[in-house]
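So the protein sequences, as listed, match chains A and B. Residue 178 in the working numbering is what sits at position 178 of the first sequence, and the numbering runs on without skipping anything. Residue 318 in the working numbering is what sits at position 318 of the second sequence, and the numbering runs on without skipping anything.
No lab work stands behind these hints, which were simulated from the structure alone. Here a beta-carbon is modelled for each residue, glycine too, at the ideal position from N, C-alpha and C. Treat each hint with caution, since some may be false.
[What the hints assert, rightly or not] Some chain B residues well away from chain A (every beta-carbon gap over 10 Å; in silico):
| no. | residue |
| --- | --- |
| 1 | 36 |
| 2 | 118 |
| 3 | 202 |
| 4 | 215 |
| 5 | 230 |
| 6 | 253 |
| 7 | 359 |
| 8 | 420 |
| 9 | 431 |
[As the list claims (entries may be wrong)] Short, incomplete list of chain B residues facing chain A, as computed with Cβ under 7 Å:
| no. | residue |
| --- | --- |
| 10 | 196 |
| 11 | 212 |
| 12 | 213 |
| 13 | 219 |
| 14 | 222 |
| 15 | 224 |
| 16 | 229 |
| 17 | 368 |
| 18 | 372 |
| 19 | 408 |
| 20 | 409 |
| 21 | 414 |
[To be verified] Example chain A residues on the side facing chain B (calculated, C-beta under 7 Å, incomplete):
| no. | residue |
| --- | --- |
| 22 | 6 |
| 23 | 13 |
| 24 | 14 |
| 25 | 17 |
| 26 | 143 |
| 27 | 178 |
| 28 | 219 |
| 29 | 223 |
| 30 | 263 |
| 31 | 268 |
| 32 | 271 |
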Amino acid sequence: MRLLLVVGLDGLAYASWLFLVSAGLTFTYGVLRVLNLAHGNLYALGAYLGATLVLHYAATGSTPALTYALLLLAAMVIGVVVGPLIERLFLRRVYSRDEEVQLLLTFSISLILEDVVKLTWGVTPIFADLPYTYLGRVRLGGVNYAWYPFLLTVIALAVGGLLWLVVTRTRLGKILTSVITDREVSLTLGINVPRVYTLAFTAGAVLAALGGALTAPMFSLAPGVGAEVLVTSFAVIAIGGLGSIGGAALGSLLVGMARSFAVYKFPELDLFVIYLIMALVLLFRPQGFFGEIEVRRI
Amino acid sequence: MSRYCKISALIALSGFCVLSAGARAAPVAGAPSELKIGVVAFLSGPASGPFGIPARNAAELWIDKINREGGIGGVKVVPVFTDEAGPADKVVTEFRRLALDEKVSAVMGYISSANCLAVPPVADDLKVLTILSDCGTDRVFEEGKQHPYVFRTHAHTVIDGVGAARYVLSIKPDVKTIAGINQDYAWGRDSWEVFQRSMRKLKPDVEVVDALWPKIFAGEYSAEISKLLVEKPDVVFTSFWGGDLVTFSGQAKARGLLEESTVVVNNTGSDIKDLAPGMLIGSRGPHSIVSPDMAKNPLRKEFIALYKQKYGLAPNEYIAHGSYHYVQALQGLRAAYDKAIKAAGKWPTTEQVAAAFEQIEFESPSGHIALAIGGGHQAIEPAGYAVIKFDSALGVNNFTQIRVFPARCVNPPEGMKSLDWIDKGFPGAQC
């Protein structure tokens with residue numbers, strides 16, 4: 001019983017983090033049909049800006065409670081500034097090109113942004129753990145847990161719920177669904193498709209930066225941060241189905257729980273189980289759990 | 001300006017030029033116009049921050065210093081910096097490029113153990129003098145094959161694991177249970193193997209309760225920390241480094257792991273400023289952690305001053321061990337060339353430099369270095385360990401309970417494999 005509780009709590013913490021990163025990746029793909037390899041760099045930019053704001057704020061000695069708002073601010077700034085820039089300057093030119101061209105372009109942007117991080121913040125690791133430590137810890141099942149990962153779970157649920165509401169209950173959601181279903185028909189209906197694309201990519205960028213900013217207090221930031229979680233996120237969205245927010249949630253939960261269980265029972269296999277699940281799912285459902293129903297792709 | 005003044009100025013300038021030229025020793029007979037050396041380090045990716053770029057920076061400033069002092073044998077040293085990032089086959093291709101296209105006289109560098117194992121056979125084939133500069137694996141010269149052109153001017157990771165075990169037992173002699181959390185690749189596996197074997201040999205009743213293997217750069221250790229909190233081992237050993245280490249330290253501190261277990265890490269450097277007080281740390285030699293006597297070493301003082309001057313160093317920052325190790329490589333190279341030039345009486349061939357390199361001893365910012373094992377190709381170093389203590393007056397991490405284990409205490413003797421030495425109970429160890 002205790003084992004189940006501890007595995008469940010750790011799995012949930014890991015799943016929340018994975019979902020925050022993979023939600024934006026799958027959302028961008030769902031609307032634009034572009035697999036953004038620079039997603040991890042947007043995550044890194046959000047993380048670095050968030051950590052920088054927190055460190056500067058912490059130096060003033062003011063109440064740590066406001067640092068959470070600074071993390072959200074960092075995500076918004078990165079997403080709203082860098083997202084539209086990338087979409088308008090680069091991606092817009094390759095929507096009609098082959099996937100290989102799109103992948104090469106986003107990979108190039110990824111390399112450029114990695115150097116931007118190095119030029120801006122240098123290579124010395126940055127660690128801003130005030131928001132993580134400020135919330136303290138709680139004892140559950142005889143084990144100390146930091147409160148902060150549970151905050152990530154709440155935010156992950158809120159983000160997932162908000163995306164679901166926007167897509168299924170708002171006019172914007174109907175427009176997005178229309179553009180995803182048929183771009184040309186949407187144009188003839190008077191929908192400003194390029195604007196929708198910019199908006200969708202910006203939303204994906206904000207989500208990536210949010211994932212980075214919110215995990216910055218748990219991580220030491222160094223060049224290359226974001227690369228590993230991006231790889232795991234690909235496994236998550238492959239399991240859930242490319243373009244599906246619900247799929248990302250299910251994929252995150254499966255990967256989180258499986259990894260947590262493996263750490264307890266088979267620590268040698270904690271990485272293997274992630275890709276075992278992916279292989280099994282793709283073997284029987286190559287499109288992932290929610291990959292086949294087009295109208296549910298966002 | 002009068003004609004007299006102009007002439008006086010010209011004479012003075014000429015005199016200055018003559019004196020300046022005199023400061024650089026005249027190149028020996030047959031010397032090339034420059035001594036080109038490849039300097040390989042991680043310049044991109046996650047290993048660039050804690051290791052690669054500090055190592056490259058140190059190499060650059062030390063080469064500048066060597067050139068200011070007249071170069072090697074009167075010849076200016078010209079570095080060709082190369083990125084180590086990428087798979088081993090790409091690194092080997094880069095090595096070939098340095099040797100065949102750039103026509104370097106020597107290659108120094110390599111931080112990854114995989115690269116330190118991949119490069120030596122190629123160095124032998126191409127007959128290129130190669131100095132492994134910061135990698136950990138003990139296998140390079142212990143697997144039977146000799147590499148006549150390859151040298152390592154820093155100690156392998158056995159000093160880190162043996163040093164950690166000896167230090168843990170000096171701090172916590174009643175330890176009963178140990179656990180490991182190490183990245184799942186060569187460095188993590190090798191480090192854990194050396195530490196746990198040493199612990200079991202030094203204190204046979206020690207029980208290993210767990211060995212956890214998160215992926216390198218995993219970044220999220222909730223499950224691992226929970227498991228360690230459940231098992232409550234007396235000592236947790238880790239060989240994490242850079243961002244992974246600081247992340248683990250932060251998460252472990254926040255969840256009280258440091259209150260339940262003693263955490264020892266074998267591989268710290270520039271990240272010391274961000275680690276949790278109470279952790280036991282080593283720095284892969286006597287680099288950040290040194291005895292008071294070693295801190296007086298003039299080369300060390302000069303190196304730190306030059307580093308501060310060129311790259312800046314905050315009061316709470318420590319120079320990475322990779323930086324010290326790259327300077328050791330340059331000091332070794334210079335010593336070998338000087339010895340070979342003296343023996344040959346002219347500019348030496350690569351074979352003559354390699355012959356001079358064997359068994360060489362030289363001074364460095366980390367003290368006296370001797371290539372005492374591996375057939376005279378492998379250096380031994382002392383191992384420095386300490387406990388992190390937060391200095392509240394200065395607001396920075398400092399050290400307490402510093403202990404430097406002599407090189408002969410933490411390295412196997414010549415001719416014996418490291419793991420055999422440990423399993424046989426450290427014969428010949430001079431502690």
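Which numbered hints does this structure break? Numbers 4, 5, 6, 10, 17, 18, 19, 20, 21 and 27, in rising order.
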